[in-house]
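Asks: Chain by chain, the residues run as shown.
2 protein chains.
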Amino acid sequence: MEITLILPDGKKLEVEKGITCLEAAGKIGSRLAKDAIAVKLDDNAVDLSTKIEQDAKFEVITFSTKEGRDIFWHSTAHTMAEAIMNLFPGTLPTIGPPIDFGFFYDFDKKTPFSQEDLRKIEEEMAKIIREDKPIARKEFSTADAKKLFAGEHNNPYKVQLIDEKSTDDGVGGNKVSVYYQGDWYDLCRGPHVPSTGRIKAFKLTKVSGAFWKADSKNQQLQRIYGVSFPDKKMLDEYVKQQEEAEKRDHKKLGKEMELFMQSEMIGKGLPVWLPKGNIIKEEIENYAKEMERKAGFLRVSTPHLAKKELYLTSGHLPYYAESMYPPMKLDDGTYYLKAMNCPHHHLIYKHKSRSYRDLPLRIAEYGTVYRNELSGALAGLLRVRMLSMNDAHIYCTKEQIEQEFENVVKMNVDYFNVFGFKDYYFRLSLHDSIHKEKYIDEPENWEFAEDVLRKALIKLNAKFIEAKDEAAFYGPKVDIQYKAVTGREETVSTIQLDFAAKTKFQLTYADKDGKENNEVYVIHRAPLSTHERFTAFLIEHFSGKFPLWLSPEQVRILTIADRFNDYAGKIRQKYFDEGIRAELDTKSESISYKVREAQLDQVNYILVVGEKEVNDGTVNVRTRDNKILGPVKADEFLSQLKEEIKEKKK
Amino acid sequence: MEITLILPDGKKLEVEKGITCLEAAGKIGSRLAKDAIAVKLDDNAVDLSTKIEQDAKFEVITFSTKEGRDIFWHSTAHTMAEAIMNLFPGTLPTIGPPIDFGFFYDFDKKTPFSQEDLRKIEEEMAKIIREDKPIARKEFSTADAKKLFAGEHNNPYKVQLIDEKSTDDGVGGNKVSVYYQGDWYDLCRGPHVPSTGRIKAFKLTKVSGAFWKADSKNQQLQRIYGVSFPDKKMLDEYVKQQEEAEKRDHKKLGKEMELFMQSEMIGKGLPVWLPKGNIIKEEIENYAKEMERKAGFLRVSTPHLAKKELYLTSGHLPYYAESMYPPMKLDDGTYYLKAMNCPHHHLIYKHKSRSYRDLPLRIAEYGTVYRNELSGALAGLLRVRMLSMNDAHIYCTKEQIEQEFENVVKMNVDYFNVFGFKDYYFRLSLHDSIHKEKYIDEPENWEFAEDVLRKALIKLNAKFIEAKDEAAFYGPKVDIQYKAVTGREETVSTIQLDFAAKTKFQLTYADKDGKENNEVYVIHRAPLSTHERFTAFLIEHFSGKFPLWLSPEQVRILTIADRFNDYAGKIRQKYFDEGIRAELDTKSESISYKVREAQLDQVNYILVVGEKEVNDGTVNVRTRDNKILGPVKADEFLSQLKEEIKEKKK
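So the protein lines, in turn, are chains A and B.
Under our numbering, the first residue of the first sequence is numbered 1, with each subsequent residue one higher.
Under our numbering, the first residue of the second sequence is numbered 1, with each subsequent residue one higher.
Derived from the structure by calculation, the hints contain no laboratory data.
Please note: incorrect hints may appear among the correct ones.
Which copy? The list can't say, so a pair holds if one copy fits it or any two copies do.
[Said to hold, decoys possible] Straight-line distance between alpha carbons at most 25 Å, and here's what the computed PhoX-like set of lysine-lysine pairs gives: (1) Lys648 - Lys294; (2) Lys646 - Lys294; (3) Lys574 - Lys648; (4) Lys646 - Lys289; (5) Lys110 - Lys11; (6) Lys255 - Lys352.
All values derive from a computational prediction rather than experimental measurement.
Please construct the entire structure, taking both the sequences and the accompanying hints into account.
Replies: Below, the structure is given as structure tokens:
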């Protein structure tokens with residue numbers, strides 16, 4: 001008997017009833033069958049061996065999607081667990097999920113795994129993979145499953161998991177699924193790759209401690225992280241990227257270059273900007289201020305605290321309370337550290353009556369907000385507890401949205417050009433009318449606004465994707481996704497349209513007829529993200545080799561002997577007076593030593609001064625990359641420096 | 001029999017035993033006797049009628065000292081209380097102390113005093129003063145005094161005060177003193193002026209509500225404020241200054257000029273800088289940054305929070321805890337909002353090993369600190385709960401203190417010249433070796449440092465006074481006292497030398513021999529105070545007429561008719577592109593209306609554009625004070641503007 005499969009592109013495929021998913025995939029294409037990891041049957045992910053008994057939607061899952069990678073990585077985690085149980089009898093596997101990139105598995109084992117253990121485990125895994133063991137799903141009643149894991153494996157963790165029925169999805173009732181590869185088995189809801197041989201390349205990356213159920217009161221466990229690929233080349237590329245990322249790591253460079261520090265006494269997630277890092281932060285801020293001034297933004301400064309009443313009005317309380325710092329009681333009320341700048345800006349909008357002539361009103365601030373992140377989640381400058389955001393809110397009429405949005409996107413693109421970010425795209429997040437509870441109930445506004453944003457992105461020829469059901473509660477948004485040289489994709493900045501503020505804060509204006517109009521739309525935007533995140537991006541992007549305008553030390557003047565110190569000092573003073581960040585090195589060391597030191601410090605231009613330079617009124621210039629530019633008149637080089645800074649050359 | 005009085009200048013005066021203080025004053029000079037308000041006998045303030053029975057130190061108290069003014073004002077408060085009891089029978093006086101400037105008295109009375117009441121009270125007071133009633137002290141046992149106030153006066157407040165013995169100082173044991181003027185009397189420890197006629201000029205200034213013992217759970221009281229002088233001219237001058245102060249009041253101008261706002265939803269003491277105020281704040285900050293850059297300061301940014309541990313190390317906890325915001329518990333410890341910037345800067349000093357080559361190390365930051373002020377104590381920008389301080393810390397050796405201190409004083413003077421502050425002096429606060437517990441125990445350092453600061457002030461020809469026993473715990477300090485045009489004296493900025501930080505934070509450096517040296521001295525300095533206070537000073541100093549470089553709106557271009565809008569718009573754009581804060585007024589109003597509006601808005605230059613200007617490529621310039629500068633080529637005027645801004649002309 002024939003049944004009908006509906007493919008993702010809407011095409012129909014007639015197949016024999018009872019055919020396996022893998023066979024069905026083969027009917028679409030042999031390449032696809034080779035790449036197939038699992039299949040979505042009527043939106044449920046199932047193993048390739050699953051037989052198809054009735055008409056269904058049919059979609060092959062490959063490594064190119066997050067879902068496919070998760071299955072692939074989780075299968076690798078199983079293989080690792082088998083290897084470890086072979087090598088370290090008595091070690092109990094607990095849970096081993098896929099993560100953002102790769103997987104981990106936590107084991108109950110007294111002593112941590114050593115680096116040598118990891119190499120042994122990798123060898124054992126390679127053996128299991130070479131054997132290409134078929135992977136098969138079996139279903140058990142809860143009682144039988146408990147016997148299975150309580151018996152031979154003697155694993156109380158799995159028994160607890162079965163009790164919690166955490167694995168019964170897709171099976172229902174009191175059944176749980178177990179995946180076998182040969183004799184070895186693990187509790188798992190699946191799906192999995194069809195055999196261990198599918199794992200063509202893998203690597204165990206690090207070990208760490210963990211706790212059962214992530215609770216420090218529970219049993220301490222040993223965690224191993226790893227990653228795997230269906231192709232050796234992909235692993236090689238990954239390893240190379242990891243090495244590059246490590247070299248560029250902003251935490252490492254930030255410390256070496258003395259850009260920022262952290263202190264146990266100050267606390268976690270609260271970086272201190274050291275003089276050199278502060279220069280970068282201020283250069284970015286000054287640049288933003290000038291760009292925003294030209295674009296008609298007005299700057300304000302709002303306090304870092306507000307009363308509970310403000311956050312009740314904005315709705316941050318109670319919904320966002322967990323991310324906020326604890327409340328502080330003063331003699332006249334309960335205060336919170338600022339969670340967001342928007343409520344403050346709305347009050348500025350409201351502090352006097354506005355007319356149509358005031359719109360669009362663009363209020364900008366490098367505003368500082370506070371997030372009560374868990375200390376374990378903090379990471380260098382990328383995840384902190386106090387952040388200074390390149391924030392602004394544009395208050396405009398419905399008709400003005402398109403132009404304002406377009407201007408914001410253009411400003412973003414301008415910034416990215418200046419910083420040399422090339423690999424980015426826009427993600428337009430839309431609402432989904434099925435999930436009414438998730439989105440503000442203004443269907444016409446949704447349709448209108450999503451259309452306006454889409455049209456603007458098309459008009460600007462921006463590379464973008466659409467993400468349904470990803471909008472904010474109060475309106476559609478556009479995130480700018482940036483792929484760093486290290487391969488990591490991050491949201492750099494975001495533009496959000498807000499229909500809700502006008503009602504919550506009763507934002508109004510007097511229209512041309514003097515009538516009060518409450519159709520005030522708000523665009524939230526932060527093209528340069530926060531100082532913290534953006535500087536982290538920049539450190540990694542430039543690998544510490546900042547362009548001249550951003551560089552903490554732009555010029556260093558080295559003297560060949562003490563008798564040239566006067567001349568060098570005068571040049572340094574002249575440059576410094578003109579705003580150049582120039583330093584002097586008159587140490588009694590060899591010139592090659594001093595050059596090397598300046599190059600390691602990533603000083604853009606190294607100026608050597610000796611007999612000839614003093615006589616000619618020149619400086620002998622080379623770059624940090626040891627490009628020799630030779631002698632130039634000191635004044636002329638100053639002009640060149642000023643020009644390069646002014647143009648923000650990369 | 002003769003006894004000997006020792007006068008403040010050390011001279012001795014032989015007088016008859018039993019002479020009154022007033023008579024003794026007359027022997028020094030008849031003018032002094034006339035000005036005498038009371039006398040200090042062996043450092044105790046007593047009435048002029050007091051008889052001198054033995055050798056004593058003798059010092060006449062006049063209105064020129066705070067002590068004299070307090071006695072004078074408190075005597076006036078008594079006179080006001082008598083007037084009120086005459087006019088409003090049944091009204092009970094409670095307490096009526098002198099305050100910073102003037103006095104108040106709180107009365108138990110159901111309804112508030114009206115303005116008309118005040119005039120009546122003033123008339124009645126004038127009558128009592130004309131009668132020149134002698135004021136006399138009598139002492140009673142506690143029991144008798146209670147009868148006196150419980151009886152005729154039926155005043156439970158005074159009875160409570162007697163029970164609390166709050167008035168028995170100077171009498172001792174169970175005696176209390178009562179002051180009579182004629183039949184009327186009040187409980188009081190004194191001293192007082194000898195008769196009501198001494199109050200030559202007075203004024204009741206305002207009424208407000210109050211609570212008994214300042215506790216809102218107690219009885220509501222009616223408060224009247226007043227002020228008085230021994231001379232009518234002084235009152236006239238005071239009234240004039242008050243009017244001027246009111247006109248210049250930064251709260252009033254700040255609101256009118258839209259410089260800052262406050263919001264009930266944000267909370268008290270947390271001003272929001274509106275676009276125009278933010279311009280002033282940023283101009284000041286940019287100026288400070290440039291001055292500090294040139295003076296070799298390195299800028300940092302430190303987080304607004306720190307862990308309890310830091311403030312325990314610095315000693316802010318527990319001693320300063322009341323002024324700090326309540327602690328916040330996060331998952332990894334207890335955090336406080338930053339009370340001071342110094343501990344953070346000390347950590348920056350310590351984050352790497354320092355050598356003698358690094359000193360002096362000057363770390364600067366417009367650092368934000370938080371003060372948990374009572375809501376009732378907050379006032380505009382002058383007293384707030386979050387303040388951004390023009391802070392810096394100079395880490396130096398003992399030998400470097402003098403030069404660094406001198407540089408700091410010079411920078412202060414430079415600033416004051418630029419802002420046009422003329423009426424200021426330095427106050428050198430010294431330790432007092434008698435009060436060992438109040439000062440860090442480093443006698444040599446005290447002597448050395450006080451001497452260095454004094455010498456530097458003399459060398460710089462600075463106007464200064466010395467204030468013994470007014471130093472900080474950790475070292476001597478120099479405050480800069482500024483007398484505003486409104487007559488109010490304020491501490492604008494402060495320079496403090498700190499011997500304690502080196503020990504508390506173990507600040508060290510490697511000296512020339514590579515040995516660890518822990519003699520690191522710290523200079524705290526904040527010449528521009530905080531943004532909040534300094535802007536308040538500037539608003540009042542300039543009465544809102546800011547010099548061009550500080551002005552929120554520097555230029556406004558007015559068109560005579562619509563057909564000149566294009567030309568005006570182009571000029572505005574050109575000026576704006578060159579960084580001038582220029583606006584356009586193309587409203588269809590008469591030019592005189594538009595000029596007047598611009599003048600009221602305190603726009604520095606008003607540029608009128610019509611037929612002639614378009615033809616000649618000029619603008620017709622006048623100032624906010626209506627000085628007509630006439631036609632100038634638009635480009636030429638732009639150059640003039642840029643020059644005036646660059647030179648920070650007043």
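Asks: Each hint: holds or not?
Replies: Checked hints:
1. Taking the shortest alpha-carbon separations for Lys648 and Lys294, both the intra-copy value of 17 Å and the inter-copy value of 23 Å come in at or below 25 Å.
2. When the C-alpha separation of Lys646 and Lys294 is checked against a cutoff of 25 Å, the pair qualifies both within a copy, at 16 Å, and between copies, at 21 Å.
3. Taking CA atoms no more than 25 Å apart as the test, Lys574 paired with Lys648 passes in both settings, with 21 Å inside one copy and 22 Å between copies.
4. In this homomeric assembly, Lys646 and Lys289 come within 25 Å of each other (Cα to Cα) both inside a single copy, at 15 Å, and across copies, at 20 Å.
5. In the homo-oligomer, the alpha carbons of Lys110 and Lys11 never lie at most 25 Å apart, since the shortest distance is 55 Å inside one protomer and 89 Å across protomers.
6. Proximity of Lys255 and Lys352 under a CA criterion of 25 Å is satisfied inter-copy only: 11 Å between copies versus 47 Å inside one chain copy.
Checked against the numbered hints above, the structure breaks only hint 5 and satisfies the rest.
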